[in-house]
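K.L.:
Model the placement of chain B on the given structure of chain A, informed by the hints.
Protein chains: 2
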Amino acid sequence: MRLIVQKYGGTSVGTPERILSVARRLIQTQGEGSQVVAVISAMAGATDNLLKLAHQISPHPTQRELDILLSTGEHAATALTAMAVNALGGLAISLTGAQAGILTDRNHTKAHIANISPKQIHELLSDDYIVIVAGFQGQTPEGETTTLGRGGSDLTAIALAGALNADACQIFTDVDGVFTCDPRIVLDAKKLKEISYDELLEMAGGGAKVMQSRAVEFAKKFGVEFEVRSSFKKRSGTTTREEAPSMEDVVVRGISLDRRQAKLSIAGVRDEPGIAGRIFSNIAAAHIIVDMIVQNASIAGTTDISFTIHEDELENARKILMPVVGELGGHRLNTTSGVAKLSVVGIGMRSHSGVAARMFECLGQNSINIQLVSTSEIKIAVIVDEKDAERAAQLIHAEFGLGRLLPAASATQPLA
Amino acid sequence: MRLIVQKYGGTSVGTPERILSVARRLIQTQGEGSQVVAVISAMAGATDNLLKLAHQISPHPTQRELDILLSTGEHAATALTAMAVNALGGLAISLTGAQAGILTDRNHTKAHIANISPKQIHELLSDDYIVIVAGFQGQTPEGETTTLGRGGSDLTAIALAGALNADACQIFTDVDGVFTCDPRIVLDAKKLKEISYDELLEMAGGGAKVMQSRAVEFAKKFGVEFEVRSSFKKRSGTTTREEAPSMEDVVVRGISLDRRQAKLSIAGVRDEPGIAGRIFSNIAAAHIIVDMIVQNASIAGTTDISFTIHEDELENARKILMPVVGELGGHRLNTTSGVAKLSVVGIGMRSHSGVAARMFECLGQNSINIQLVSTSEIKIAVIVDEKDAERAAQLIHAEFGLGRLLPAASATQPLA
Numbered sequence: 009m010r011l012i013v014q015k016y017g018g019t020s021v022g023t024p025e026r027i028l029s030v031a032r033r034l035i036q037t038q039g040e041g042s043q044v045v046a047v048i049s050a051m052a053g054a055t056d057n058l059l060k061l062a063h064q065i066s067p068h069p070t071q072r073e074l075d076i077l078l079s080t081g082e083h084a085a086t087a088l089t090a091m092a093v094n095a096l097g098g099l100a101i102s103l104t105g106a107q108a109g110i111l112t113d114r115n116h117t118k119a120h121i122a123n124i125s126p127k128q129i130h131e132l133l134s135d136d137y138i139v140i141v142a143g144f145q146g147q148t149p150e151g152e153t154t155t156l157g158r159g160g161s162d163l164t165a166i167a168l169a170g171a172l173n174a175d176a177c178q179i180f181t182d183v184d185g186v187f188t189c190d191p192r193i194v195l196d197a198k199k200l201k202e203i204s205y206d207e208l209l210e211m212a213g214g215g216a217k218v219m220q221s222r223a224v225e226f227a228k229k230f231g232v233e234f235e236v237r238s239s240f241k242k243r244s245g246t247t248t249r250e251e252a253p254s255m256e257d258v259v260v261r262g263i264s265l266d267r268r269q270a271k272l273s274i275a276g277v278r279d280e281p282g283i284a285g286r287i288f289s290n291i292a293a294a295h296i297i298v299d300m301i302v303q304n305a306s307i308a309g310t311t312d313i314s315f316t317i318h319e320d321e322l323e324n325a326r327k328i329l330m331p332v333v334g335e336l337g338g339h340r341l342n343t344t345s346g347v348a349k350l351s352v353v354g355i356g357m358r359s360h361s362g363v364a365a366r367m368f369e370c371l372g373q374n375s376i377n378i379q380l381v382s383t384s385e386i387k388i389a390v391i392v393d394e395k396d397a398e399r400a401a402q403l404i405h406a407e408f409g410l411g412r413l414l415p416a417a418s419a420t421q422p423l424a
Numbered sequence: 009m010r011l012i013v014q015k016y017g018g019t020s021v022g023t024p025e026r027i028l029s030v031a032r033r034l035i036q037t038q039g040e041g042s043q044v045v046a047v048i049s050a051m052a053g054a055t056d057n058l059l060k061l062a063h064q065i066s067p068h069p070t071q072r073e074l075d076i077l078l079s080t081g082e083h084a085a086t087a088l089t090a091m092a093v094n095a096l097g098g099l100a101i102s103l104t105g106a107q108a109g110i111l112t113d114r115n116h117t118k119a120h121i122a123n124i125s126p127k128q129i130h131e132l133l134s135d136d137y138i139v140i141v142a143g144f145q146g147q148t149p150e151g152e153t154t155t156l157g158r159g160g161s162d163l164t165a166i167a168l169a170g171a172l173n174a175d176a177c178q179i180f181t182d183v184d185g186v187f188t189c190d191p192r193i194v195l196d197a198k199k200l201k202e203i204s205y206d207e208l209l210e211m212a213g214g215g216a217k218v219m220q221s222r223a224v225e226f227a228k229k230f231g232v233e234f235e236v237r238s239s240f241k242k243r244s245g246t247t248t249r250e251e252a253p254s255m256e257d258v259v260v261r262g263i264s265l266d267r268r269q270a271k272l273s274i275a276g277v278r279d280e281p282g283i284a285g286r287i288f289s290n291i292a293a294a295h296i297i298v299d300m301i302v303q304n305a306s307i308a309g310t311t312d313i314s315f316t317i318h319e320d321e322l323e324n325a326r327k328i329l330m331p332v333v334g335e336l337g338g339h340r341l342n343t344t345s346g347v348a349k350l351s352v353v354g355i356g357m358r359s360h361s362g363v364a365a366r367m368f369e370c371l372g373q374n375s376i377n378i379q380l381v382s383t384s385e386i387k388i389a390v391i392v393d394e395k396d397a398e399r400a401a402q403l404i405h406a407e408f409g410l411g412r413l414l415p416a417a418s419a420t421q422p423l424a
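From first to last, the protein sequence lines stand for chains A and B. In short: position in the first sequence from 1, add 8, done, that's the numbering used here. In short: position in the second sequence from 1, add 8, done, that's the numbering used here.
Any given hint could turn out to be false.
Because identical chains cannot be distinguished in the list, a pair is counted as satisfied if it fits within a single copy or across any two copies.
[Said to hold, decoys possible] Below 20 Å or equal to it, Euclidean Cα-Cα: the simulated EDC-like pairs (lysine to aspartate or glutamate) are:
no. : residue 1 : residue 2
1   : Lys127    : Glu150
2   : Lys199    : Glu398
3   : Lys60     : Glu25
4   : Lys229    : Glu385
5   : Lys241    : Asp190
6   : Lys228    : Glu202
7   : Lys201    : Glu256
8   : Lys229    : Glu250
9   : Lys198    : Asp257
Derived from the structure by calculation, the hints contain no laboratory data. Quick caveat: nothing in here was measured; it's all calculated off a predicted structure.
Next up, chain A with everything else stripped away, as it sits in the complex:
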């Protein structure tokens, strides 16, 4: 018999009506001849409300207690979902992360899954139960409740699918799947049928937040295939899986856009070991996340180092770096806010050359200036002015023929 793991996010179970609609889908899936495990998030807004309460009590809530507090959101949602299945004539039972056998380390509020013992789930499935598991949580070897950090329910679903050796893992969410580009930016963006783990990771790093990177990395590590699809529609979504040779035929899988970035450049620093470490350890100590880092070739013993961060962190970063620049021998610190990162992703790039050239030429012909470039094996990312960002995405999308409507040839005109 097929075994399917389905994950429903907070908006999918945000109201009693939506919980009943999830229950209907679970019963239908079981009726089509599958064993069904559902991983459920807290009802939309519940986690934020609990966090707000905690912060009204204390600016630094005890981590152990925070985990107990937050886990109640998923407990409530799973109990309600099980009730809904039973009310509609199905047979369901809810399990906490602990009861589902999810063992974690002792790292409260951002625990890692150490092991899964899904014995009880298997038994309940054999007894024809639809098993409803609380996402985002587990327990330590001592029986303490832990949570897995933001987006942890995706991780629960993928880890359970792996441990149960499920035939399918479906992530139900409020989008239809993964698109060639954000459909709000590129009107004819196309839903992808499939994507590789690495491509999805690069897309997510580029602002297309369908799933948290940790869950995708976990899926890649254990080879768990999963489908991202809409909980409000019947249509199939996007399947993420190991790359197959056929996948390389597509050179560019998709484009993603990260807005509200800022660029910092330190000109003329000494080209010596330890200089970059000095810069970035200061930034890291302030919990500022650095995205692209570019260092140019050394000229006359000095070099320029540029990097990008979120716009909101710019003031903070500037304060930290000002006193350091001189010590490093740098001439000055240049900062620019109001820029965006445009990433072009595709595993086909490994075997196809000329993608960067084609991308740069397209942008150049349309007078869009490239401020920074950074590449990985399957990605080319450029920093452009925020005001050019949407037009750049539309141009590149058309250039590589990713749209549903337009042939690649007519691609140098903006679409919106």
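P.N.:
Leaving out everything else, chain B in the frame of chain A:
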């Protein structure tokens, strides 16, 4: 070292500010040289919100799932209280009912406590923790979460105080203690220093709902002394304990009033075995709670049976009984709504005679008609017209000299 169990109800932890104020009291109590266990209810309104959600999903929610859902209210409140203690510089840890060692039967939503193994609590107390226990819940031998029914947090506190052999058990609530009568009715009602279990039970049965009867019965069975007191004031409250000889000196401990009652009388039913059973099994099947039952002496082989129920159930009860009356040989069914029950309670009644006579005379002199009488060893209850009820309570309160201000002599004038 002294060990104190304190219980805080939903209104006491109804807001972040109040939770912080409970935390302050816990730290203070520990600072005065006691080990402290706190039993916490869900934040005011939380349980009702969860119940509402459940009933939006299903008219008859799965009992097992309902227990998981409802228990989240106490989990959240205990975690927040522990955070608050820690935020104020104390050391606290929260425990679920299961972690506190509270084992129950499998009777979901109204489980009975089977056993308590407070090993973990003792260990944590030795490590100087203030231990915050989720009220109202336990677990079955199979590890399933159960709840103890409405008012179950009182029961948790009393059972834990018993199992821990605590030196004191304090029930913090939104009233100052148990009064000789409801102070809203009798202005000079006096807070009682002490009361026996049986008196409190009879007062509670008479509408003075300070604590649920189950918790009081449990306390009586295991001889657990407890004090009911205000969570918003420093003053001591009312201690409930085994009756002592000195307690019998007070003939009447208090008066309670149950409003919105209805009286039903069936006249001339055959005085045969099984007749009362026929009447009340029909009523019980409709889940109508019957309070007083009075049957008069048989005259010529027939008798009259009267009983009282809540006013809201009158129509329902009438519909059930109309077809039955004839079968039982009854002449007719008389019903009266708009009546109230006035109960006079005191263990001193056992050794003092004349209480009933004095009560009836007082009411008669003031032209208040008595419609039904029922007595127990330590209680006399009468049914009077609702419009006379408050005046009757005031008169009797004064007659037996229960007030703070007035001597018994001046007692035949209403106080308000």
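K.L.:
Under the constraints set out in the numbered hints, which ones does this structure not fulfil?
P.N.:
none
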